[in-house]
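A.B. asks: Sequence order for the protein chains is U and G.
For what it's worth, the working numbering labels the leading residue of the first sequence as 1, then goes sequentially.
For what it's worth, the working numbering labels the leading residue of the second sequence as 1001, then goes sequentially.
Since the hints were made in silico from the structure, they are not lab data.
Computed from a predicted model, the values in this text were never measured in an experiment.
Treat the hints with care, as some may be off.
[Said to hold, decoys possible] Simulated pairs of lysine to aspartate or glutamate, EDC-like, Cα-Cα distance not exceeding 20 Å:
no., chain 1, residue 1, chain 2, residue 2
1, U, Lys223, G, Glu1033
2, U, Lys134, U, Asp102
3, G, Lys1052, U, Glu127
4, U, Lys367, G, Glu1065
5, U, Lys223, G, Asp1036
6, G, Lys1052, U, Asp465
7, U, Lys134, U, Glu237
8, G, Lys1052, U, Glu52
9, U, Lys223, G, Glu1065
10, G, Lys1066, G, Asp1036
11, G, Lys1052, U, Glu292
12, G, Lys1052, U, Asp283
13, G, Lys1066, U, Asp218
14, G, Lys1052, U, Asp102
[Said to hold, decoys possible] Label-pair distances were calculated between CB atoms; the ranges are:
no., chain 1, residue 1, chain 2, residue 2, range
15, U, Arg393, G, Gly1068, 28 to 34 Å
16, G, Thr1002, U, Val289, 56 to 62 Å
17, G, Gln1016, U, Lys367, 23 to 29 Å
Glycine included, every Cβ here is placed at the ideal spot set by N, Cα and C.
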Amino acid sequence: MSHCHVDKIVDVPTGSRQIVLAGNPNVGKSVVFHELTGVYADVSNYPGTTVELFHGRFGDDVVIDTPGIYGVSSFNEEEVVARDVIIDADLIINVVDAVHLDRDLFLTLQLIDMGKPVVVALNMMDEVERAGQKINISRLKEMLGVPVIPIVAVEKRGLAELKNSLSQAAQGIPTELGIPQAAAASETELSRAAQLLILEGDEDVAARYRQQPASYRDHIYGKRRERVNAIIDDAVEDTQSRAGSQLLSRLMVKPLTGIPLLGLTLFLMYQVVGVFIAGNVVDLLEGTVMGEYYEPLMRSLIGRFAAENSVIYEILAGEFGILTMTITYLVGLLLPLVMGFYLFLSILEDSGYMPRIATLVDRVLTKFGLNGRAVIPMILGLGCVTMATITTRILGSRRERIIATMLLALAIPCSAQLGVITGMLGAVGGWYFALYILVIFVTLVVIGTVLNRLLPGQSTDLLIDLPTLRLPRPVNVLRKTVNKTKMFVFEAGPLFFLGALIISVMKVTGLLEAVQSFLYPLTVGWLELPRQASTAFIMGIVRRDFGAAGLYDMALTPEQTLVSLITITLFVPCIASMIVVFKERNWKEGLAILVSCFAIAFTVGGLVAKIL
Amino acid sequence: MTLAQARPGQLLRISQIPDPVVRAQATRFGINEGADVECFEVVPRGPIILRKRRQEIAVGRRLAEKIGIELHKGQVRI
Chain U
1 MSHCHVDKIV DVPTGSRQIV LAGNPNVGKS VVFHELTGVY ADVSNYPGTT VELFHGRFGD
61 DVVIDTPGIY GVSSFNEEEV VARDVIIDAD LIINVVDAVH LDRDLFLTLQ LIDMGKPVVV
121 ALNMMDEVER AGQKINISRL KEMLGVPVIP IVAVEKRGLA ELKNSLSQAA QGIPTELGIP
181 QAAAASETEL SRAAQLLILE GDEDVAARYR QQPASYRDHI YGKRRERVNA IIDDAVEDTQ
241 SRAGSQLLSR LMVKPLTGIP LLGLTLFLMY QVVGVFIAGN VVDLLEGTVM GEYYEPLMRS
301 LIGRFAAENS VIYEILAGEF GILTMTITYL VGLLLPLVMG FYLFLSILED SGYMPRIATL
361 VDRVLTKFGL NGRAVIPMIL GLGCVTMATI TTRILGSRRE RIIATMLLAL AIPCSAQLGV
421 ITGMLGAVGG WYFALYILVI FVTLVVIGTV LNRLLPGQST DLLIDLPTLR LPRPVNVLRK
481 TVNKTKMFVF EAGPLFFLGA LIISVMKVTG LLEAVQSFLY PLTVGWLELP RQASTAFIMG
541 IVRRDFGAAG LYDMALTPEQ TLVSLITITL FVPCIASMIV VFKERNWKEG LAILVSCFAI
601 AFTVGGLVAK IL
Chain G
1001 MTLAQARPGQ LLRISQIPDP VVRAQATRFG INEGADVECF EVVPRGPIIL RKRRQEIAVG
1061 RRLAEKIGIE LHKGQVRI
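Generate the whole structure from the sequences, applying the supplied hints.
C.D. replies: Right, dumping it as structure tokens:
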């Protein structure tokens, strides 16, 4: 990954310091960040990543929030971003979870070893006593050599002290690494931070300074781990045995109880997102607000300076108009659905349930060459495949990203489509519904298994931290939901416009009709559907729900309904997802994925038609 | 023996983690080579969940098959 100096993304005026918040995932960093900077925070995507970087001001200084990491190096995207921000930092506020010092202090020591002035914010102090622990703060401070401020960020306790302590930020006592002087002090030009990372074998940083990465990582990590253990033994006292509430954690990962719990969660999600949002909210927004007020207004506005049959009118306000259909789709349909999905995702993340779901389903996903973490894009795919495909970046290897992208494009129906599908299948009877689910599921399993066998290389294994289960705080959940939704609008929004533009151009140039007539023989001969069904398939590329809705108006037998819905589900995803597939993969892999989706859709659809 | 053979409730010492990246990530979580941990839970044919102090870590089965462990017989502080 190429290096990009932080000051290019965040404007740090000369003379002001760059204060960086660093810490493990879910330790309350963002709460501390918002307390420091107030409401005026900006968010920008780190170039080439999905990683969001929040930045704001604290007095004359710039504060940057980094993604949660367990250590500084380049094992994944988040670490690379955090590392680059940390290397440039003038002062680091290290937020740690007081109940999990064993895990969190490793990063703390690494930051101290990097020679940065550090203040440790010991968060979640209210939970320490409940967990049966006692922390000797002055001892901790003495052993680290930096200020240690106990806080309860969500209750704003200790934050004034934290702000005051920034002036006392100190370099701290580095870990005695016992590395030969020659290796440790090779280049005095380099910052201590860069030197340390090169010693730890960080290839990115080494390449940046034209150095050879060293191989002291095991040695240094070992020393640091020993020191963490020694600090904990000295400064943390367990006042009661670890009884605690481990029961729920167990119930969540054991299949016998975990599967029903997951089922219940998904059912709740379906009730809120699938029934309430997709039904009531979308009806109001898409049907009434956008359909009855916004679109007619837009059409009449554009009609004033462009004739109704002109190309300009067609592109701006026609059937797939950028200002009519696309805006309605984005604002009226996708936005509420995506927001609903992100709301659930934020609750699952903040409560600590998400990594436990990943643990529970790991066994199934490894059959497809994925690991439990892939459950996140899969669940998101039921919301919006476009957004889920972007999220495949969190997966550990290229191989996993290809498999997940393919499965999303092929067999995961997005919420826009699900509504129409359930409506149509519900009307023809429960048996067809069951058959539909069976066929899609079998296709998913077969293709996943085949991809796992065929693709070279090896997928990464599950190795995740299961954080303490906590009741999520509504404010934090809402903030997270809004931020993620914003990211979706910025990242995926333009693609929907681009997609509509492409389709409109295809329509005015007659290309769309050519594709439709190309599909006729397949549709009529092979799938045994009426000719007009191919129009529905093409519409499905514009908006997946349009495709399914187009089938509504045709007089189809129940068998034909089933065949057409199976085909349209497996058929290539909407044009915005296709663009993301090409963007995230490369044109070769993208083309391979989309062509196989197309082939599999018609093969499976045809087989079902012949069997029935 | 390997971590994949561990049973819930057993106390064990991690003796070997062959993959360097996994070794580094595990060290950050406190389950480095030489660390004493408790097998907290085992998902049948799925991940093994380790516990050290208040930390729970899930390890995928295939990875667990590559991690060497020794069982503790007597009392040990985790």
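A.B. asks: Against this structure, judge whether each hint is valid.
C.D. replies: Against the structure, the hints come out as follows:
Restraint check for lysine 223 of chain U and glutamate 1033 of chain G: satisfied, since their Cα atoms lie roughly 12 Å apart, inside the 20 Å limit. Taken as a hint, the lysine 134 of chain U and aspartate 102 of chain U pair is honoured in the structure, with Cα atoms around 14 Å apart against an allowance of 20 Å. Distance check on the hinted pair: lysine 1052 of chain G and glutamate 127 of chain U sit about 18 Å apart at the alpha-carbon level, within 20 Å; holds. Note on lysine 367 of chain U and glutamate 1065 of chain G: the hinted pairing holds, with a Cα-Cα distance of about 16 Å set against a maximum of 20 Å.
The suggested pairing of lysine 223 of chain U with aspartate 1036 of chain G holds, with an alpha-carbon distance near 16 Å, which does not exceed 20 Å. Of the pairs offered as hints, the one joining lysine 1052 of chain G and aspartate 465 of chain U holds, with about 11 Å between alpha carbons and a cut-off of 20 Å not exceeded. Proximity of lysine 134 of chain U to glutamate 237 of chain U is assessed by CA-CA distance (about 5 Å); at most 20 Å being required, the pair is judged to hold. The straight-line distance between the Cα atoms of lysine 1052 of chain G and glutamate 52 of chain U is roughly 32 Å, outside the 20 Å bound, and the hint therefore fails.
Under the criterion of a C-alpha separation no larger than 20 Å, the hint pairing lysine 223 of chain U with glutamate 1065 of chain G is inconsistent with the structure, at around 26 Å. Simply put, lysine 1066 of chain G and aspartate 1036 of chain G have alpha-carbon atoms about 17 Å apart, close enough for the 20 Å limit, and the pair holds. For the hint pairing lysine 1052 of chain G with glutamate 292 of chain U, the CA-to-CA distance comes to about 60 Å; that exceeds 20 Å, so the pair is violated. With a C-alpha separation of about 51 Å, the suggested pair lysine 1052 of chain G and aspartate 283 of chain U falls outside the 20 Å cut-off, and the hint is violated.
A C-alpha spacing of about 18 Å is found between lysine 1066 of chain G and aspartate 218 of chain U, which places the hinted pair at or below 20 Å, so the restraint holds. Under the criterion of a C-alpha separation no larger than 20 Å, the hint pairing lysine 1052 of chain G with aspartate 102 of chain U is consistent with the structure, at around 9 Å. Range check, arginine 393 of chain U to glycine 1068 of chain G: about 33 Å between beta-carbon atoms, so the 28 to 34 Å window is met. Take threonine 1002 of chain G and valine 289 of chain U: their Cβ atoms lie about 59 Å apart, and the range 56 to 62 Å holds.
In this structure the supplied range 23 to 29 Å holds for glutamine 1016 of chain G paired with lysine 367 of chain U, their Cβ-Cβ distance being about 27 Å.
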